[in-house]
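As a plain string of letters, each chain reads:
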Amino acid sequence: MASLDQVAIGDSIRVARLDGEDPTTCRLLELGLTPGVSVRVVRRAPLGDPLELELRGYRLSIRRTDARRVAVTPPSVPR
Amino acid sequence: MAAPTAPGDTPGPEAVVTVALVGNPNVGKSSLFTALAGIPTRVGNYPGVTVERKVGRFIHRGRAIDLVDLPGVYSLVPRSPDETVAVEALTGRLTGMEQVDCAVVVADATNLERNLYLASQVLGLGLPTVVALTQGDVAAAQGIAIDAGRLAERLGCPVIPVVAPARMGTDDVASAILAATAAAPPPAPRGLDDLLAAAGPEHSPAAREAIARYAWIERQLEGVVRRQPPAGPGFAERIDALLTHRVWGTLVFVATMLAMFSSIFWLAAPLMDLLESGVARLGDVARHWLPDGPIESLLVDGVVAGVGGVVVFVPQIALLFAFIALLEGCGYMARAAFLMDRLLAGVGLSGRSFIPLLSSFACAIPGIMATRTIENPRDRLLTIMLAPLMSCSARLPVYLLFCGAFVPDRPVGVPWLRLPAVVLVGLYALGVVVAALVAWALSRTVLGRSRQPFVMELPRWRWPRWDVVAGRVMEAAGSFLQNAGTLIVAVSVVVWALATYPHDDAAIDAEVAAERLALERRAATAADPGPLSAELAHLDTPAGAAAARRGAAQRQSFLGRAGRLIEPLVRPLGWDWRIGCAVLASFPAREVVLGTLGVIYNLGDDDPGGADGSLAARLRAATWDGSDRPVFTLPVALSIMVFFALCAQCASTLVVIGRETHSLVWPVVSFTSMTLLAWLAAWLTHALAARFLGG
Numbered sequence: 001m002a003s004l005d006q007v008a009i010g011d012s013i014r015v016a017r018l019d020g021e022d023p024t025t026c027r028l029l030e031l032g033l034t035p036g037v038s039v040r041v042v043r044r045a046p047l048g049d050p051l052e053l054e055l056r057g058y059r060l061s062i063r064r065t066d067a068r069r070v071a072v073t074p075p076s077v078p079r
Numbered sequence: 080m081a082a083p084t085a086p087g088d089t090p091g092p093e094a095v096v097t098v099a100l101v102g103n104p105n106v107g108k109s110s111l112f113t114a115l116a117g118i119p120t121r122v123g124n125y126p127g128v129t130v131e132r133k134v135g136r137f138i139h140r141g142r143a144i145d146l147v148d149l150p151g152v153y154s155l156v157p158r159s160p161d162e163t164v165a166v167e168a169l170t171g172r173l174t175g176m177e178q179v180d181c182a183v184v185v186a187d188a189t190n191l192e193r194n195l196y197l198a199s200q201v202l203g204l205g206l207p208t209v210v211a212l213t214q215g216d217v218a219a220a221q222g223i224a225i226d227a228g229r230l231a232e233r234l235g236c237p238v239i240p241v242v243a244p245a246r247m248g249t250d251d252v253a254s255a256i257l258a259a260t261a262a263a264p265p266p267a268p269r270g271l272d273d274l275l276a277a278a279g280p281e282h283s284p285a286a287r288e289a290i291a292r293y294a295w296i297e298r299q300l301e302g303v304v305r306r307q308p309p310a311g312p313g314f315a316e317r318i319d320a321l322l323t324h325r326v327w328g329t330l331v332f333v334a335t336m337l338a339m340f341s342s343i344f345w346l347a348a349p350l351m352d353l354l355e356s357g358v359a360r361l362g363d364v365a366r367h368w369l370p371d372g373p374i375e376s377l378l379v380d381g382v383v384a385g386v387g388g389v390v391v392f393v394p395q396i397a398l399l400f401a402f403i404a405l406l407e408g409c410g411y412m413a414r415a416a417f418l419m420d421r422l423l424a425g426v427g428l429s430g431r432s433f434i435p436l437l438s439s440f441a442c443a444i445p446g447i448m449a450t451r452t453i454e455n456p457r458d459r460l461l462t463i464m465l466a467p468l469m470s471c472s473a474r475l476p477v478y479l480l481f482c483g484a485f486v487p488d489r490p491v492g493v494p495w496l497r498l499p500a501v502v503l504v505g506l507y508a509l510g511v512v513v514a515a516l517v518a519w520a521l522s523r524t525v526l527g528r529s530r531q532p533f534v535m536e537l538p539r540w541r542w543p544r545w546d547v548v549a550g551r552v553m554e555a556a557g558s559f560l561q562n563a564g565t566l567i568v569a570v571s572v573v574v575w576a577l578a579t580y581p582h583d584d585a586a587i588d589a590e591v592a593a594e595r596l597a598l599e600r601r602a603a604t605a606a607d608p609g610p611l612s613a614e615l616a617h618l619d620t621p622a623g624a625a626a627a628r629r630g631a632a633q634r635q636s637f638l639g640r641a642g643r644l645i646e647p648l649v650r651p652l653g654w655d656w657r658i659g660c661a662v663l664a665s666f667p668a669r670e671v672v673l674g675t676l677g678v679i680y681n682l683g684d685d686d687p688g689g690a691d692g693s694l695a696a697r698l699r700a701a702t703w704d705g706s707d708r709p710v711f712t713l714p715v716a717l718s719i720m721v722f723f724a725l726c727a728q729c730a731s732t733l734v735v736i737g738r739e740t741h742s743l744v745w746p747v748v749s750f751t752s753m754t755l756l757a758w759l760a761a762w763l764t765h766a767l768a769a770r771f772l773g774g
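Residue numbers (the working numbering), protein chains in the order written: chain A, 1 to 79; chain B, 80 to 774.
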């Protein structure tokens with residue numbers, strides 16, 4: 001399954017899974033990156049990192065290493 | 080609820096209502112705190128952690144309300160020190176803190192969905208709760224309409240829209256607090272358990288909880304939030320694309336940073352000069368009216384000079400905070416951190432540290448104060464530790480004097496570039512490189528890697544509020560003067576006393592006479608007695624005699640004795656005890672070292688940077704006690720400059736570190752580690768330079 005750091009700029013996807021109980025995973029979940037939510041990758045910073053995401057009506061910036069934990073599916077695939 | 084006023088009905092101490100302010104970072108919690116309670120009555124740390132605790136008391140309808148500002152958190156699951164403090168405070172398990180009577184959840188109307196995550200957890204605690212809805216004006220401008228009444232019905236607690244900087248709705252929040260404490264607490268989120276059961280079993284417990292809470296929030300917000308597409312579709316998006324563009328975004332960023340930096344470096348300079356000359360005039364007036372003697376010296380050289388050393392920082396602090404408030408107010412601050420994050424991630428920091436560190440090249444004090452914009456306490460502490468390593472404007476006169484006087488002015492093979500300039504750039508680079516090494520080392524030892532991921536909300540573009548900008552500037556300057564100012568004045572008075580006492584006129588006369596004798600002997604045997612005779616003639620002028628007496632007095636003071644005492648420590652750096660003395664005396668502020676060198680080498684306190692280069696000439700002529708060997712050689716000059724690049728000889732910075740971390744530990748750590756680093760680097764510099772350049 002693809003992960004969030006691999007999504008092309010401008011594409012929208014749906015979060016599939018986010019496993020683990022570590023602080024990073026928990027923080028991403030609390031910020032709304034929950035399985036099922038739709039996320040658009042808005043852009044990448046000029047130096048290549050971090051990413052800018054749009055979800056739940058707001059813009060969030062996270063690093064690519066953290067985005068790697070988020071498994072995603074195309075929005076058309078129903079879950 | 081009306082305040083009881085009848086004499087028999089006087090409220091006891093239990094009638095003070097303790098209210099905790101809780102919310103996500105950057106939602107306007109501090110603005111609401113200030114609007115409700117004004118300037119905090121108590122600022123400190125929570126026991127055992129470097130998490131700021133701010134308490135303020137205000138009276139509403141005759142009732143005293145203690146407002147406690149909890150750290151900004153995204154969640155009540157205790158994983159970071161911030162979250163632990165927030166949870167323990169709300170559940171009454173925090174030592175030294177009253178049981179909370181009411182929780183005020185501050186929620187950002189432009190981002191209600193995520194903000195209600197924390198609210199849903201607070202509602203589960205069974206405390207009387209009030210939701211304060213901030214940023215309503217910004218939300219309205221973005222086409223977001225929120226039905227606060229309907230949301231209040233759904234949540235079972237009052238929801239009060241506020242515009243804190245304009246004090247709109249703040250009275251309603253206070254009234255709602257009093258009403259809520261008298262009523263039954265709101266119900267725990269209804270239906271959350273069913274949603275939890277419905278979340279897919281394939282997910283982890285943490286994921287199931289997040290899924291359930293967000294599903295609950297979506298249900299509460301149905302029909303409460305209405306979004307209209309913004310009138311000019313994509314306008315904000317186009318600005319965003321431009322400002323984060325690889326080329327244009329970088330250009331705008333560099334221009335913005337240049338404007339900010341040059342304003343605190345150069346725009347502040349005339350204001351600082353004005354303040355300094357005002358303080359100097361005050362000293363002259365005092366000198367004129369006071370009889371000569373110790374009281375005059377205490378007031379003029381101790382107190383007035385100390386106050387001057389405090390107020391001189393105010394223009395830089397005010398300008399930097401005006402910039403920060405503007406950048407935060409329009410939403411650029413988060414974009415700047417977004418652009419710079421990659422650069423700082425390598426040393427274990429985030430993009431949030433860029434502006435505080437950049438500002439520290441002008442002065443570490445506003446830079447350290449600017450770390451208030453860093454949410455993560457670990458990153459903030461690390462940035463505070465690194466800020467004094469950036470070469471500030473007070474080091475520049477030291478660099479310029481020694482580069483100009485001792486580094487040979489010769490080309491280095493690159494057109495337009497000469498050796499003194501290369502050394503100057505090298506000193507700036509040294510601070511940065513050492514800071515990167517320190518960050519790298521601390522991240523792997525004491526502080527550990529950041530366990531919190533770097534997450535940052537990128538707010539939408541908006542117009543900054545002028546009242547907020549003015550408020551931030553006033554608060555920063557006020558808190559500096561009030562909290563740090565008195566201590567800085569005290570330090571400079573102490574150092575003045577150490578450099579002035581004991582004062583024994585007979586011993587001073589004896590030393591001046593002995594020096595004269597030594598000089599005469601050397602002149603009699605020297606091959607070229609010209610310069611020595613000129614020096615003797617200078618001793619006979621009133622200015623020369625006064626300077627010689629001042630120098631002798633300082634060498635005999637506690638400071639002079641301390642300088643002799645530490646001579647074994649500074650010898651390996653190639654210094655004589657006088658340099659050690661001058662370095663000790665520069666503890667209140669680095670640039671003081673030049674004035675002290677002037678006095679200690681019998682120059683009097685003429686302007687050390689004077690155009691005639693009198694200090695430079697004097698230093699070149701200085702010799703080791705009882706010999707003709709010059710003190711200041713190229714290796715010694717280099718070791719002094721390297722020492723000043725890395726040392727913590729700035730009492731004001733240490734005071735501000737103490738005030739910002741609310742602890743004595745960090746200024747002590749900062750001072751000892753920087754002094755040690757500076758000593759080692761100066762020793763290495765002297766050894767290498769003496770080996771390869773001669774000296």
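Hints may be right or wrong, so weigh each one.
Said to hold, decoys possible - Cβ-Cβ distance ranges computed for the label pairs, FRET-style:
| id | chain 1 | residue 1 | chain 2 | residue 2 | range |
| --- | --- | --- | --- | --- | --- |
| 1 | A | S12 | B | H741 | 50 to 58 Å |
| 2 | B | T754 | A | I9 | 44 to 52 Å |
| 3 | B | G425 | A | E54 | 21 to 29 Å |
| 4 | A | A8 | B | T174 | 47 to 55 Å |
| 5 | B | R229 | A | E54 | 36 to 44 Å |
| 6 | A | R68 | B | R650 | 28 to 36 Å |
| 7 | B | T174 | A | E54 | 53 to 61 Å |
| 8 | B | H324 | A | R68 | 36 to 44 Å |
| 9 | A | A8 | B | P651 | 54 to 62 Å |
| 10 | B | S752 | A | A8 | 42 to 50 Å |
| 11 | A | I9 | B | P651 | 41 to 49 Å |
I should point out that these hints are in silico values taken from the structure, not numbers from a laboratory.
What you are looking at is a predicted structure, and each value in this text was computed from that prediction instead of being measured.
We put the beta carbon where it would ideally sit given N, CA and C, even for glycine.
Tested hints:
no., hint, verdict
1, S12/A with H741/B: 50 to 58 Å, "violated (45 Å)"
2, T754/B with I9/A: 44 to 52 Å, "holds (49 Å)"
3, G425/B with E54/A: 21 to 29 Å, "holds (27 Å)"
4, A8/A with T174/B: 47 to 55 Å, "holds (52 Å)"
5, R229/B with E54/A: 36 to 44 Å, "violated (26 Å)"
6, R68/A with R650/B: 28 to 36 Å, "violated (55 Å)"
7, T174/B with E54/A: 53 to 61 Å, "violated (42 Å)"
8, H324/B with R68/A: 36 to 44 Å, "violated (25 Å)"
9, A8/A with P651/B: 54 to 62 Å, "holds (60 Å)"
10, S752/B with A8/A: 42 to 50 Å, "holds (46 Å)"
11, I9/A with P651/B: 41 to 49 Å, "violated (57 Å)"
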